[in-house]
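Construct the complete structure from the given sequences, taking the supplied hints into account.
Heads up: the sequence shown begins at 1 in the UniProt record's numbering, then just goes up one per residue.
Worth flagging that the hints you see were computed from the coordinates, not collected in a lab. Predicted model only: the values in this text are computed from it and were never measured. Please note that a few of the clues may not be correct.
Stated by the list, open to error - Just the calculated beta-carbon pair ranges, DEER-fashion:
#, residue 1, residue 2, range
1, Asp-253, Ala-59, 11 to 21 Å
2, Arg-164, Asp-135, 37 to 47 Å
3, Gly-83, Gly-186, 49 to 59 Å
4, Met-3, Asp-184, 35 to 45 Å
5, Arg-149, Cys-257, 38 to 48 Å
Note that CB positions come from ideal geometry on N, CA and C, so glycine has one too.
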Amino acid sequence: MEMAYGTPAPPLRPLIAHYHGYRERGAAPGLHRGLPSPFLTLIVTVDDPLVIAAHPDPAQTPGRYDTLAGGLHTTPALVTHEGRQAGVQLALSPLGARALLGVPAGELSGLDVDGADLLGRAAHELHERLNAAPDWAARFAVLDELLLRRAARRGAAVPDEVRRAWQALLSGGGGVPVGELARDVGWSTRHLGSRFAAEIGLSPKAAARVIRFDRARRLLQRRVTGGLPPRLADLAAACGYYDQAHLAREFRDLAGCPPSRWLAEESGLAEHSGLAEASGPAEASGPVEEPARRGSETSKPGPPPPAQDGWHDDNDNDTGAPGLAHAARP
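Written out as structure tokens, the structure reads:
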């Protein structure tokens, strides 16, 4: 698998976490899970279309896409490939959906949408120019050019109260109570919930759940790929879950499979024998007294170096290496 990461132009960084280029050839045909994450996804393919076998919304029929935009969601998407895939994925902040996609992220909640339906002729231009570009640096430069043009035409602004609540959830690792968010922005819990969902695409509670899950799966993957034992009980405590059983249930609900199966699918290895995933608290250390710590807000892309114990995360909100679409596609 060939991969490349790019940092958007400075004016785009509050709206886009990073560009991720990918190319794979000669692999075995397979299926990939697109996991829930706190980022919308825009994918522009190079060569073959992206094939979605199952969308987060089961009412959507499978499809093939040259460009695809995906909203926030709480169930996985399933992507198939024939051993050949290439393209560029953009991790978009829901706060940037109005500027870059022309609609609030709430209108894309749980959906995958053909890029042409959102971007019009710009989707065709993106696809044509990225396919014609000679390398990843040139493709990222094309993205900067075209997206800066769109951002300059931005329409209605995201309400400041929603922006502050979203940023507080991110910086808190999903551990800030909804009532506290409402008090901090000066709205009632009910009013915040309705306005937040309309703008972001998930309720504050559901968004917190996705943020916490995304952090947990990134730390788990980072630890296992670094050759360290999984230690799910410690991971659960670090990410604000009550215990290991709580983490395992959330993984099944949001990923559609246990952690061991997801890791095996991502790595191509046998399921990790060190992952105890029974519903009981086999290795749990008891209820967690404190939620996930609050990190500093940052839009800096790319994962920080893991600490020696594998759990400390200097930037709780980094996007890591998300794979493709919905932070985990092909």
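Hint by hint, here is what the structure shows:
no.: 1; hint: Asp-253 <-> Ala-59: 11 to 21 Å; in the structure: holds, 19 Å
no.: 2; hint: Arg-164 <-> Asp-135: 37 to 47 Å; in the structure: holds, 40 Å
no.: 3; hint: Gly-83 <-> Gly-186: 49 to 59 Å; in the structure: holds, 54 Å
no.: 4; hint: Met-3 <-> Asp-184: 35 to 45 Å; in the structure: holds, 38 Å
no.: 5; hint: Arg-149 <-> Cys-257: 38 to 48 Å; in the structure: holds, 41 Å
Checked against the numbered hints above, the structure violates none of them.
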